[in-house]
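Chains A and B supply the protein sequences, listed in that same order. For the first sequence, the numbering used here assigns the number 1 to the initial residue and increments by one for each residue that follows. For the second sequence, the numbering used here assigns the number 1 to the initial residue and increments by one for each residue that follows.
Errors might be hidden in some of the hints.
Identical copies look the same in the list; a pair holds intra-copy or inter-copy alike.
[Claimed, not checked] Below are the SDA-like pairs computed for lysine to any residue, each with C-alpha atoms no more than 20 Å apart in a straight line: (1) LYS116 / THR323; (2) LYS98 / ARG166; (3) LYS116 / ALA237; (4) LYS142 / ASN243; (5) LYS294 / PHE133; (6) LYS142 / GLY302.
None of these hints come from the bench; they were simulated from the model. Being a predicted model, the structure only gives us computed values, none of them experimental.
Okay, here's what each chain looks like letter by letter:
Number of protein chains: 2
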Amino acid sequence: MNVLITGAGGFIGSRLAQALLKRGTLADSTGQQKEISKITLLDITFPAEKDRRLDYVLGDLSDTALLAATMGTDTTSVFHLASIVSGGAEADFELGMKVNLDGTRALMDACRQQSKPPRFVFSSSVAAFGSGFPPVVDDDTKASPLTSYGAQKVCCEYLTNDYSRRGFLDGRVVRLPTISVRPGKPNLAKSSYASGIIREPLNGVVSRCPVSASTGIWILSPSRVVDALIHAHDLPASAWGVNRVLNLPGTTATAGEMVDALRKIAGDKVADLVQWAPDADIQAFIDSLPVRFKTTRALEMGFVADLNVETMIRDHIEEQGITI
Amino acid sequence: MNVLITGAGGFIGSRLAQALLKRGTLADSTGQQKEISKITLLDITFPAEKDRRLDYVLGDLSDTALLAATMGTDTTSVFHLASIVSGGAEADFELGMKVNLDGTRALMDACRQQSKPPRFVFSSSVAAFGSGFPPVVDDDTKASPLTSYGAQKVCCEYLTNDYSRRGFLDGRVVRLPTISVRPGKPNLAKSSYASGIIREPLNGVVSRCPVSASTGIWILSPSRVVDALIHAHDLPASAWGVNRVLNLPGTTATAGEMVDALRKIAGDKVADLVQWAPDADIQAFIDSLPVRFKTTRALEMGFVADLNVETMIRDHIEEQGITI
Numbered sequence: 001m002n003v004l005i006t007g008a009g010g011f012i013g014s015r016l017a018q019a020l021l022k023r024g025t026l027a028d029s030t031g032q033q034k035e036i037s038k039i040t041l042l043d044i045t046f047p048a049e050k051d052r053r054l055d056y057v058l059g060d061l062s063d064t065a066l067l068a069a070t071m072g073t074d075t076t077s078v079f080h081l082a083s084i085v086s087g088g089a090e091a092d093f094e095l096g097m098k099v100n101l102d103g104t105r106a107l108m109d110a111c112r113q114q115s116k117p118p119r120f121v122f123s124s125s126v127a128a129f130g131s132g133f134p135p136v137v138d139d140d141t142k143a144s145p146l147t148s149y150g151a152q153k154v155c156c157e158y159l160t161n162d163y164s165r166r167g168f169l170d171g172r173v174v175r176l177p178t179i180s181v182r183p184g185k186p187n188l189a190k191s192s193y194a195s196g197i198i199r200e201p202l203n204g205v206v207s208r209c210p211v212s213a214s215t216g217i218w219i220l221s222p223s224r225v226v227d228a229l230i231h232a233h234d235l236p237a238s239a240w241g242v243n244r245v246l247n248l249p250g251t252t253a254t255a256g257e258m259v260d261a262l263r264k265i266a267g268d269k270v271a272d273l274v275q276w277a278p279d280a281d282i283q284a285f286i287d288s289l290p291v292r293f294k295t296t297r298a299l300e301m302g303f304v305a306d307l308n309v310e311t312m313i314r315d316h317i318e319e320q321g322i323t324i
Numbered sequence: 001m002n003v004l005i006t007g008a009g010g011f012i013g014s015r016l017a018q019a020l021l022k023r024g025t026l027a028d029s030t031g032q033q034k035e036i037s038k039i040t041l042l043d044i045t046f047p048a049e050k051d052r053r054l055d056y057v058l059g060d061l062s063d064t065a066l067l068a069a070t071m072g073t074d075t076t077s078v079f080h081l082a083s084i085v086s087g088g089a090e091a092d093f094e095l096g097m098k099v100n101l102d103g104t105r106a107l108m109d110a111c112r113q114q115s116k117p118p119r120f121v122f123s124s125s126v127a128a129f130g131s132g133f134p135p136v137v138d139d140d141t142k143a144s145p146l147t148s149y150g151a152q153k154v155c156c157e158y159l160t161n162d163y164s165r166r167g168f169l170d171g172r173v174v175r176l177p178t179i180s181v182r183p184g185k186p187n188l189a190k191s192s193y194a195s196g197i198i199r200e201p202l203n204g205v206v207s208r209c210p211v212s213a214s215t216g217i218w219i220l221s222p223s224r225v226v227d228a229l230i231h232a233h234d235l236p237a238s239a240w241g242v243n244r245v246l247n248l249p250g251t252t253a254t255a256g257e258m259v260d261a262l263r264k265i266a267g268d269k270v271a272d273l274v275q276w277a278p279d280a281d282i283q284a285f286i287d288s289l290p291v292r293f294k295t296t297r298a299l300e301m302g303f304v305a306d307l308n309v310e311t312m313i314r315d316h317i318e319e320q321g322i323t324i
């Protein structure tokens, strides 16, 4: 199995690469677990620390010559995680279209050059839902993005379905919930608080929560995201059928519930580092996202969410080697 | 008002141009009816007979230099009807992507070069629905195309929404039912019978119906399609809101009902020219299409269907000057 991971310089891409190294195998087109011979990481930037078991390729998704050289004709599996994120694609429309739509299409066309249609695992997003969705989003809810990022993701979902139907590739698209607890530094994402209010207090640092305690969000832990990407890959094509797009299971948690769980696990001193600092802009943005999902199809296909917010926090503590 | 019609060499495009000439005005961005100063027709081929009141431009949608030269910066209204049809886009994937996706995007980008965001009326299709739709498709039914044509149309719907949200253009997308009665010759479309079983007998010619008498289809007459395109243009942006995509009202008719109506209007001798000649391929394709729609939103917005199959046939007879 020859694996390509795009956006591999990012947090989930790195975690996925490590999980694949540890695992050592992936399902081939017949469903048999086969040894992974090569993992190629593609991104425009990588952390300084490299793993010598991995191939690092610096470059842009829309560089078709580079894609052809990188993928050759023997790539069996593509995990396509690269994207210009929501805020970035909103701020720079052309860049978002170039990477998120044209780049994805270039990658899909490169898949057509492989000796066998590769399995193509693509991370989409709950940003597919932006307006007029019901209180509980389910497998039949139509996409209604209100960001360019969301629109670009949805276009690529439909193209993945069509490329799969035509046998150009074997697509599997998972719409990711907001990831929590994301390690590292706070970032500029409007949903950054969903990790920050857990991560920063555990590091002894104050975290300002920009939304009210009763504000819900749909979340999934990094480990479950990586599991889901690999599970999406390994499922037989027949399990997907004609619709290659799936809302992943997740957990609905309010900011208040997250802080309560943190308090239970790490005590008052840690939990009290969360300060409630309402921000109308962020509140409005988070309020526009779907909070509750009924993911019947994904559960039937064997995808799993975290047990609850407490296990998400405990997993983070264990993974990061935090002592409390 | 300076109007561009793409795919204007086709049947609907020609009818639309004539309707606009007769009408003489279209709503400007403030909603006022303003005189149409210029109508430009773009297509890769035109009928030999030209109307000297119209500008004809021969060329391809994906020719950005031609688009720029044709549209200048003062185009106020675009009716985008050009496409590689379902069968064509299925037979030649690259051509479908080039015209239906890239060509539409090139046209949308040319709209961004206009001094004001033009109203952009785009004809999509019930080919947006291909799998897993409910017995009655409504405004919330998610797109699920099973053809490359349908996938390309749906991508352009989402892009039209995003371009509209960003103020690049003022988009209005109508999903057209199957058109009946389409004048002219039978064509290779699998739904060709929906016009053929009316048109051919009225011309004294035998028509073979490839589907069973009980097979339903969702249809709209050419006149109502042209009305709908103009109505879509003239509605204020506020009537559309963030969702610029609409299933048009139509009529559900079985082949048997169509022949019965023909019999009532034109007599047994004409109706008996329909021969029932089952074709399993065509039957399967037509069975895969949605037959019943609940078009609440479109009706509220003032779009109208034909009264019934009889009026559709009578309109065709009158428009074509047929004596019975």
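I want to check one pair: LYS142 and ASN243. Are their C-alpha atoms no more than 20 Å apart within a copy, between two copies, both, or neither? both (13 Å within a copy, 12 Å between copies)
Within a copy, between copies, both or neither: which one fits LYS294 and PHE133 at a CA-CA cutoff of 20 Å? both (13 Å within a copy, 18 Å between copies)
From the Cα coordinates, with 20 Å as the cut-off, is the pair LYS142 and GLY302 best called within, between, both, or neither? neither (23 Å within a copy, 24 Å between copies)
Are the CA atoms of LYS98 and ARG166 at most 20 Å apart within a copy, between copies, both, or neither? Cα proximity of LYS98 and ARG166: across copies only (17 Å, versus 24 Å in one copy).
Alpha-carbon proximity between LYS116 and ALA237, which holds within one copy, between copies, both or neither at 20 Å: within (14 Å within a copy, 47 Å between copies)
Up to 20 Å CA-CA - THR323 versus LYS116, copy category: neither (48 Å within a copy, 60 Å between copies)
The structure fails hints 1 and 6 (numbered hints given earlier, in ascending order).
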